[in-house]
Amino acid sequence: MVAIPITRSISIDDSELIESTTRSGGPGGQHVNTTDSAVILRFDVGLSPGLPLAVKNRIAVLAGSRLTRDGVLVLRSEGSRSQLLNRQEVRERLVALIKEATIVPKARRATKPSKAAKARRVDTKKVRSGVKAGRAKVRDD
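29 is the number of the first residue of the sequence shown in our numbering; add one for each residue after it.
Honestly, I wouldn't trust all of these hints.
Unchecked claim - Computed list of lysine to aspartate or glutamate pairs in EDC-like fashion (alpha-carbon distance at most 16 Å, straight line):
1) 84 <-> 44
2) 84 <-> 72
3) 84 <-> 151
4) 84 <-> 98
Please keep in mind that the hints were generated in silico from the structure rather than gathered at the bench.
Treat the numbers as computed from the prediction; the structure is a model and nothing was measured.
Whenever a hint applies, use it, and build me the whole structure from the sequences.
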(Lines of atoms letter the chains of each structure in order from A and count residues from 1; the text may use other names and numbers.)
(Lines give C-alpha, C1' and ligand atoms only; values in the text may rest on other atoms or scores of the structure.)
Protein backbone atom coordinates (compact mmCIF):
# COMPACT_ATOMS: atom_id res chain seq x y z
CA MET A 1 0.00 0.00 0.00
CA VAL A 2 1.75 3.07 -1.32
CA ALA A 3 0.48 6.54 -0.48
CA ILE A 4 0.32 9.03 -3.34
CA PRO A 5 1.21 12.48 -1.98
CA ILE A 6 -1.04 15.34 -3.09
CA THR A 7 -0.05 18.10 -0.67
CA ARG A 8 1.88 18.07 2.61
CA SER A 9 -1.21 17.09 4.58
CA ILE A 10 -3.24 15.18 1.97
CA SER A 11 -2.39 11.85 0.40
CA ILE A 12 -4.44 9.04 -1.11
CA ASP A 13 -3.75 5.36 -0.85
CA ASP A 14 -2.79 3.46 -3.99
CA SER A 15 -5.35 0.78 -3.11
CA GLU A 16 -8.17 3.35 -3.57
CA LEU A 17 -7.43 3.50 -7.31
CA ILE A 18 -8.95 0.98 -9.69
CA GLU A 19 -7.13 0.79 -13.01
CA SER A 20 -8.31 -1.14 -16.04
CA THR A 21 -6.99 -1.32 -19.57
CA THR A 22 -8.79 -1.35 -22.87
CA ARG A 23 -7.98 -1.00 -26.52
CA SER A 24 -7.26 2.48 -27.78
CA GLY A 25 -9.44 3.81 -30.53
CA GLY A 26 -8.43 5.73 -33.61
CA PRO A 27 -5.86 5.11 -36.32
CA GLY A 28 -2.76 3.03 -35.80
CA GLY A 29 -0.61 0.29 -37.17
CA GLN A 30 -0.91 -3.44 -36.95
CA HIS A 31 0.13 -3.60 -33.30
CA VAL A 32 -1.66 -0.63 -31.69
CA ASN A 33 -5.18 -1.89 -32.36
CA THR A 34 -4.55 -5.27 -30.73
CA THR A 35 -2.95 -4.20 -27.45
CA ASP A 36 -4.70 -2.89 -24.36
CA SER A 37 -2.86 0.42 -24.17
CA ALA A 38 -5.64 2.78 -23.00
CA VAL A 39 -5.91 3.10 -19.20
CA ILE A 40 -9.14 3.87 -17.34
CA LEU A 41 -8.69 4.99 -13.74
CA ARG A 42 -11.57 4.97 -11.25
CA PHE A 43 -11.35 6.79 -7.92
CA ASP A 44 -14.23 6.83 -5.43
CA VAL A 45 -14.12 10.39 -4.17
CA GLY A 46 -16.86 9.96 -1.57
CA LEU A 47 -15.28 6.96 0.15
CA SER A 48 -11.72 8.30 0.22
CA PRO A 49 -10.65 8.78 3.85
CA GLY A 50 -7.64 10.91 2.92
CA LEU A 51 -9.66 13.80 1.46
CA PRO A 52 -11.40 16.49 3.54
CA LEU A 53 -15.09 17.12 2.82
CA ALA A 54 -14.45 20.58 1.34
CA VAL A 55 -11.96 19.10 -1.16
CA LYS A 56 -14.43 16.36 -2.10
CA ASN A 57 -17.09 18.98 -2.82
CA ARG A 58 -14.72 21.04 -4.98
CA ILE A 59 -13.65 17.89 -6.88
CA ALA A 60 -17.31 17.23 -7.64
CA VAL A 61 -17.61 20.71 -9.15
CA LEU A 62 -14.32 20.57 -11.07
CA ALA A 63 -14.78 17.03 -12.42
CA GLY A 64 -18.12 17.74 -14.08
CA SER A 65 -19.17 14.86 -16.32
CA ARG A 66 -16.12 12.78 -15.32
CA LEU A 67 -17.83 12.10 -11.98
CA THR A 68 -20.53 9.44 -11.97
CA ARG A 69 -23.75 9.63 -9.95
CA ASP A 70 -22.17 7.28 -7.41
CA GLY A 71 -19.31 9.73 -6.79
CA VAL A 72 -16.68 7.79 -8.74
CA LEU A 73 -14.22 9.85 -10.73
CA VAL A 74 -13.42 8.23 -14.10
CA LEU A 75 -10.31 9.34 -16.01
CA ARG A 76 -9.14 7.84 -19.31
CA SER A 77 -5.78 8.14 -21.05
CA GLU A 78 -4.98 6.80 -24.49
CA GLY A 79 -2.54 9.40 -25.80
CA SER A 80 0.45 7.09 -25.94
CA ARG A 81 0.99 3.65 -27.43
CA SER A 82 2.63 2.62 -24.17
CA GLN A 83 0.34 1.40 -21.40
CA LEU A 84 2.92 2.47 -18.82
CA LEU A 85 2.98 6.06 -20.12
CA ASN A 86 -0.83 6.16 -20.20
CA ARG A 87 -0.94 4.89 -16.61
CA GLN A 88 1.50 7.59 -15.49
CA GLU A 89 -0.39 10.29 -17.39
CA VAL A 90 -3.79 9.39 -15.91
CA ARG A 91 -2.35 9.37 -12.38
CA GLU A 92 -0.73 12.76 -12.97
CA ARG A 93 -4.10 14.13 -14.13
CA LEU A 94 -5.77 12.76 -10.98
CA VAL A 95 -3.16 14.39 -8.73
CA ALA A 96 -3.47 17.69 -10.65
CA LEU A 97 -7.28 17.65 -10.27
CA ILE A 98 -7.07 16.99 -6.53
CA LYS A 99 -4.39 19.69 -6.11
CA GLU A 100 -6.63 22.15 -7.94
CA ALA A 101 -9.49 21.22 -5.61
CA THR A 102 -7.37 21.94 -2.53
CA ILE A 103 -7.11 25.61 -3.50
CA VAL A 104 -9.87 27.53 -1.70
CA PRO A 105 -11.39 30.06 -4.11
CA LYS A 106 -11.27 33.66 -2.98
CA ALA A 107 -14.71 34.98 -2.02
CA ARG A 108 -15.92 37.68 -4.37
CA ARG A 109 -16.89 40.97 -2.81
CA ALA A 110 -19.50 42.98 -4.67
CA THR A 111 -18.27 46.47 -5.53
CA LYS A 112 -19.82 49.49 -7.21
CA PRO A 113 -18.17 51.56 -9.94
CA SER A 114 -16.80 54.92 -8.83
CA LYS A 115 -18.25 58.25 -10.02
CA ALA A 116 -15.21 58.78 -12.24
CA ALA A 117 -15.66 55.34 -13.83
CA LYS A 118 -19.33 56.10 -14.51
CA ALA A 119 -18.38 59.46 -16.06
CA ARG A 120 -15.73 57.82 -18.29
CA ARG A 121 -18.27 55.25 -19.43
CA VAL A 122 -20.84 57.93 -20.33
CA ASP A 123 -18.18 59.99 -22.14
CA THR A 124 -17.08 57.06 -24.29
CA LYS A 125 -20.73 56.30 -25.08
CA LYS A 126 -21.19 59.90 -26.24
CA VAL A 127 -18.09 59.72 -28.44
CA ARG A 128 -19.22 56.42 -29.95
CA SER A 129 -22.72 57.82 -30.53
CA GLY A 130 -21.20 60.77 -32.38
CA VAL A 131 -19.13 58.46 -34.60
CA LYS A 132 -22.20 56.42 -35.50
CA ALA A 133 -24.32 59.54 -36.06
CA GLY A 134 -21.68 60.76 -38.52
CA ARG A 135 -22.27 57.64 -40.64
CA ALA A 136 -25.96 58.37 -41.12
CA LYS A 137 -27.41 59.90 -44.27
CA VAL A 138 -27.36 63.68 -44.36
CA ARG A 139 -30.86 65.10 -43.98
CA ASP A 140 -31.90 68.53 -45.22
CA ASP A 141 -34.30 69.84 -42.57
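### Query
Of the hints given before, which are not true for this structure?
3
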